[in-house]
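With chain A fixed as given, assemble chain B onto it according to the hints.
Here is what each chain is made of, one letter per residue.
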Amino acid sequence: MMASEEKEGKVDIPEIIFGHIGDSYEWHIAEGAVIPLPCILIGNEGMDVFMSDKLEHGKEYKGYHIADEGDYEGKIVNAAGERPFDISITKNVLELFIVCILLCSVVLGVAGWYRKHGSKKAPGGFVGMMEAVIDFIDKDVAKESIGHGYERFSPYLLTVFLFILTSNLLGLIPVFPGGANLTGNIAVTLTCAITAFIAINFFAPKAYYKSIFWPDVPIFLKAPLPIMPTIEFIGVFTKPFSLTVRLFANIMAGHIIILALTSVVFVTAQMGTAMCASMTVVSVLFCVFMNCLELLVAFIQAYVFTILTANFIGLAHNE
Amino acid sequence: MNLLTPDPGLLFWMVLSFGVVFFLLAKWGFPVIVKAINERKEFIEMSLLSAKQANEKLASIQAEGEKLLADAKMQQKEIIAGAMQEKQRIVQAAQDEAQTSANQMIEEARQSIQAEKEKALRDVRNEVASLALDIAEKVIGERMKDDAMQKETINRLIEQL
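If you read the protein sequences in the order shown, they are chains A and B. For the first sequence, counting from 1, position 146 maps to 146 in the numbering used here; every step adds exactly one. For the second sequence, counting from 1, position 109 maps to 1109 in the numbering used here; every step adds exactly one.
Think of the hints as simulated: they come from the structure by calculation, not from any bench. Ideal Cβ positions, reconstructed from N, Cα and C, are used throughout, including at glycine. Errors might be hidden in some of the hints.
[Unchecked claim] If the Cβ cut is set under 10 Å, some of the chain B residues that face chain A in the computed set are:
| # | residue |
| --- | --- |
| 1 | Gly-1009 |
| 2 | Val-1034 |
| 3 | Ala-1120 |
[What the hints assert, rightly or not] Partner residues are not named here, just some residues of chain A that face chain B (Cβ under 7 Å, in silico):
| # | residue |
| --- | --- |
| 4 | Cys-100 |
| 5 | Cys-104 |
| 6 | Val-107 |
| 7 | Leu-108 |
| 8 | Ser-119 |
| 9 | Ile-134 |
| 10 | Leu-158 |
| 11 | Thr-159 |
| 12 | Ile-186 |
| 13 | Ala-187 |
[Stated by the list, open to error] Stretches of chain A that chain B covers, calculated by requiring three or more beta carbons in the stretch to come under 8 Å of a beta carbon on chain B:
| # | region |
| --- | --- |
| 14 | 12 to 24 |
| 15 | 79 to 88 |
| 16 | 91 to 97 |
| 17 | 111 to 118 |
Bound-form chain A, shown alone:
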């Protein structure tokens, strides 16, 4: 951020913002403090593994470099400008691992508490809080929305809820181990939605498929032109698509707003001391407000994703 400001005398706000919400091959903590992350590339000549600091400042290593422009801007490409299969541990992947480890240790730790203490004792403190959250998703979301046979889907809904919530909350922490924009990345939300798609469609009874391909509507709506079946069939895919975009857009928008408000300080830096000071106060106040709002959004989006998935599963089962 500072570097670009010094160089051009003008701050490139979009670059700062998209640099922060996008992915990167290293974890930029502060000016001069960069954690290099491993790059794993599978190209035509086999797999290459090396640390990302080998490629910084446009350097080339083993025929790979980070593209400056074009379709793959900011990504590793080979000398011919083609993308290898890139499974590098990027910033987002590392954040993903942190979320997964955190989630596993917390939930398995809580489960361990119950294994140790049995079911006759009520937990307090952190375990009690987790119990309230888990019981809420299990009873008020899964059982309420799905009804009979909800036990099959309850672990999935709990996993997806806690995964999204943890990612959202970690994303709000501006420094390591948070700060990556995990749930604001479409690959992550798409995977969540694909699992929801599997949960909704792959366990549904026959009546559900009949309601899609031969719905209970007047005959001219399904034959000879399958109007309703087409609409229903598209609906099968729009549901997870809406889940993907809703979560992605909400979290990304929140990050962009907070970053933009923070950037106000740097934009006004050239406009004189009084202007900069007053705008800094405004920016900090707005940032505090937005962070509180984003905290709320972190919970709401996790909840919305979970309850919509539960409702879709419930609809598929009770149709």
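Chain B alone, transformed into the frame defined by chain A:
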């Protein structure tokens, strides 16, 4: 824009990690917790139910005890009343008996007094008779000292017979 195209590398890691996390948590995490919560819920419900039942039982026992106490009190009253009556009856009977025996004794005394009196009278009469006879003998004896007179008297008496 590359924001809207999912990156295959991240997609790969996301599918892998989410799958592993889901497998771990669905196998060893959530079922344990949910089962424990449900078991505790059941346990609490059962405890509440049994507490309610125990309370009801206690109340019924208390009512029974009170009833028993009231019964005992009534019985006690009845017994006391009966005893009082019995006492009065016995006293009455004793008094009656005493009266009767007293009357009898008086009667007997009276009869024996009567008998004594009659015997005494009879004795007195006999005494008087013998006294009178003695006196008469003496008087007659004095007058019949001479034989002539004796013979005359005897004859007269024989003739009188």
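Structure-based check of all given hints:
no. : hint       : in the structure
1   : Gly-1009   : holds, 4 Å
2   : Val-1034   : holds, 5 Å
3   : Ala-1120   : violated, 113 Å
4   : Cys-100    : holds, 5 Å
5   : Cys-104    : holds, 6 Å
6   : Val-107    : holds, 4 Å
7   : Leu-108    : holds, 5 Å
8   : Ser-119    : holds, 4 Å
9   : Ile-134    : holds, 5 Å
10  : Leu-158    : holds, 5 Å
11  : Thr-159    : holds, 5 Å
12  : Ile-186    : holds, 5 Å
13  : Ala-187    : holds, 4 Å
14  : 12 to 24   : holds (count 4)
15  : 79 to 88   : holds (count 4)
16  : 91 to 97   : holds (count 4)
17  : 111 to 118 : holds (count 4)
The structure does not agree with numbered hint 3 stated previously, though it agrees with all others.
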